[in-house]
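If you're matching them up, the sequences are chains G and A in order.
Under my numbering, think of the first position of the first sequence as 1, with each following residue one higher.
Under my numbering, think of the first position of the second sequence as 1001, with each following residue one higher.
Derived by calculation from the structure, the hints in this document are not laboratory data.
These numbers come from a predicted model, not from an experiment.
Where is the CB? At the ideal position from N, CA and C, for every residue including glycine.
Hints are supplied without guarantee of correctness; some may be wrong.
Stated by the list, open to error - Where chain A lies over chain G, by a calculated footprint (3+ residues, C-beta under 8 Å):
#, segment
1, 92-100
2, 110-117
3, 130-143
4, 159-166
What the hints assert, rightly or not - Cross-link-like lysine to any residue pairs, in silico, SDA-like; alpha carbons within 25 Å at most:
#, chain 1, residue 1, chain 2, residue 2
5, A, K1039, G, T50
6, G, K88, A, R1020
7, A, K1039, G, H92
8, A, K1225, G, E189
9, A, K1026, G, D49
10, A, K1039, G, K61
11, G, K143, G, D177
12, A, K1026, G, L81
13, A, K1026, G, G202
14, G, K88, A, K1225
15, A, K1002, G, Q94
16, A, K1039, G, K143
17, A, K1002, G, C90
18, G, K61, A, K1225
19, A, K1002, G, R53
20, A, K1225, G, C90
21, A, K1039, G, L81
22, A, K1225, A, S1185
23, G, K143, G, G202
24, A, K1026, A, T1125
25, G, K88, A, I1042
26, G, K61, G, Q94
27, A, K1039, G, G202
Claimed, not checked - Now the stretches of chain G that chain A is said to cover, found in silico as 3 or more residues with beta-carbon under 8 Å:
#, segment
28, 179-192
29, 206-217
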Amino acid sequence: MTTRSDDFQLTRRELMVSGATLATVFLLPEASAAAATAAKGATISRNLDTASRVSFSVNGKARDMVVDNRVTLLDALREGLQMTGTKKGCDHGQCGACTVIVNGERINSCLSLAVMHDGDAVTTIEGLGTPDALHPMQSAFIKHDGYQCGYCTPGQICSAVAVLGEIERGIPSHVQDDIAGTPSVTNIELRERMSGNICRCGAYSNIASAMTEVAGEPS
Amino acid sequence: MKTFAYERVSNPAEAAMAIRNQPGAKFIAGGTNLLDLMKLEIETPAYLIDVQDTGLDRIEPTENGGLRIGALVSNTALASDIRIRRDYGVLTRAIVAGASGQLRNKATTGGNLLQRTRCPYFYDTNLPCNKRQPGSGCSAIGGYSRQLAVIGGSDNCIATYPGDMAIAFRLLDAQVETLNADGRSRTIPLADFHRLPGDTPEVETALGPDEFITAVILPPPLGGKHFYRKVRDRASYAFALVSVAAVIQDDGSGRVAFGGVAPKPWRVEAAESLLPEGAGAVTSRVFADASPQEDNAFKITLAERTLAAILRDARS
């Protein structure tokens, strides 16, 4: 559980010690942070002023970390957990390379603080499939050549998987004629719904083909 | 990003108390705009109050036949609600015309109302901007103004309100419900919620310093045909050059509001009686006091043509 900052008292010395520690560790799994703090002769507080403890699951595995409050979910995954499948593109929510699925919904992990995800279930590209057991969307991207350089691909695939779920759940889109009706898997729907994922190589047509196949529609 | 302390509150009263007790604090909900601005150090809160657990994630009927939308209802959830899609189609249309699927999943009803302008000079910390740094000057006036306001601006600021959802709320006469640290609740008409820049462009809303948005309240449905037409530089995932929200009744009467043209959702009720006379009559009245820049004067013509397209569709 994320701890609240107003229910603890730090002495001036403790505050300075923890501040100095954080400046050097930036983001560490809890055990390492505790070790680093212990080495400096202080006990770790549950309520570090500018850092917080956070627990969430990533691809089904429980994770427990102490993070600087500034750390985004993206940096917690890449730098803290060394899960580099999720990519950093613009770091401002404009390109979609950092897309992950949290509690079943796709989000930009660069525009979300790790500390805000206490208790959440995060799925990254590493959790969708493995090289030996690809997710159908991963297989379809390969078959349809849905990438060139591949940098945006993890975000594209996470988004694509979520988009098919959104259509199935009836979430409306900008290109839907009857906004109170049921959306369908058409090329224009897929393109509109994928507009938050930029591909500088321009593989958009092939990405839409891959998604169409996974949705079971004739391409 | 500057360092900050973080607190997660569990109800609206706690949220309002927390912001009173912490100078320099800000609320964070979806974070999609605030974190972007914090990375650029345009926003530098010393303390973040995370309001995601405040329980305001429901859409409930009101006694008079309207709906009360909790401030934490996500853009996706609001746009998808069948009551909204069926009875307030203009609102769903506006929401899905904005941002991307990923952003709409995180963005909230309350937070979206508070999103800040995308004026390029507000974002460029090397240049003067009265909104970012009061008294420093406005780089946009006489600068690159294609995206900026043609009406409602001042000598100090011509930034546009960037959102889509609020344009539909303005059209629907929505009310913003708030709670302050004294436990006092009030409702603010959407029309009065966003402020014009005047001499204080840094003051963007009517909210008090310890006031927390708890809901947006919709009056009973209007009927009629609902439209939200957004014109932008690419087909998706871009801010409006001009957007037009409209509800048109079978007899040709209706309501119309404009986005992308002013520092707030722009609606001139007195112009709506001119709807039966056509788009030109309406926009001549709506933009009578416009003072466009060289780069954005086209928006007035674009607004007329966009409304004309809506009126044509309404007749068919």
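Evaluated hints:
1. 92-100: With 4 residues closer than 8 Å to chain A, the segment 92-100 of chain G meets the three-residue bar; holds.
2. 110-117: The restraint on the segment 110-117 of chain G holds, since 5 of its residues have a Cβ under 8 Å from chain A and three suffice.
3. 130-143: violated (count 0)
4. 159-166: Since 4 is at least three, the answer is holds.
5. A/K1039 x G/T50: holds (16 Å)
6. G/K88 x A/R1020: Status violated; Cα separation ~36 Å.
7. A/K1039 x G/H92: holds (8 Å)
8. A/K1225 x G/E189: holds (23 Å)
9. A/K1026 x G/D49: Roughly 16 Å separates the two Cα atoms, so the pair holds.
10. A/K1039 x G/K61: violated (29 Å)
11. G/K143 x G/D177: violated (31 Å)
12. A/K1026 x G/L81: It is violated: about 29 Å lies between the C-alpha atoms, which goes past 25 Å.
13. A/K1026 x G/G202: At roughly 39 Å apart (the allowed maximum being 25 Å), G/G202 and A/K1026 break the hint.
14. G/K88 x A/K1225: Since the Cα atoms of G/K88 and A/K1225 sit roughly 43 Å apart, the hinted pair is violated (cutoff 25 Å).
15. A/K1002 x G/Q94: holds (22 Å)
16. A/K1039 x G/K143: Violated - the C-alpha atoms of G/K143 and A/K1039 are around 38 Å apart, more than 25 Å.
17. A/K1002 x G/C90: holds (19 Å)
18. G/K61 x A/K1225: Violated - the C-alpha atoms of A/K1225 and G/K61 are around 49 Å apart, more than 25 Å.
19. A/K1002 x G/R53: Satisfied, since the Cα-Cα distance of roughly 19 Å is no more than 25 Å.
20. A/K1225 x G/C90: Not satisfied, since the Cα-Cα distance of roughly 39 Å exceeds 25 Å.
21. A/K1039 x G/L81: holds (22 Å)
22. A/K1225 x A/S1185: violated (34 Å)
23. G/K143 x G/G202: holds (17 Å)
24. A/K1026 x A/T1125: Measuring from Cα to Cα gives roughly 20 Å; hence the hint holds.
25. G/K88 x A/I1042: Measuring from Cα to Cα gives roughly 21 Å; hence the hint holds.
26. G/K61 x G/Q94: violated (29 Å)
27. A/K1039 x G/G202: Judged against 25 Å, a Cα distance of about 28 Å means the pair is violated.
28. 179-192: With 4 residues in contact (Cβ-Cβ under 8 Å with chain A), the coverage given for the segment 179-192 of chain G holds.
29. 206-217: Coverage by chain A is violated here, the residue count being 0 at a Cβ distance below 8 Å.
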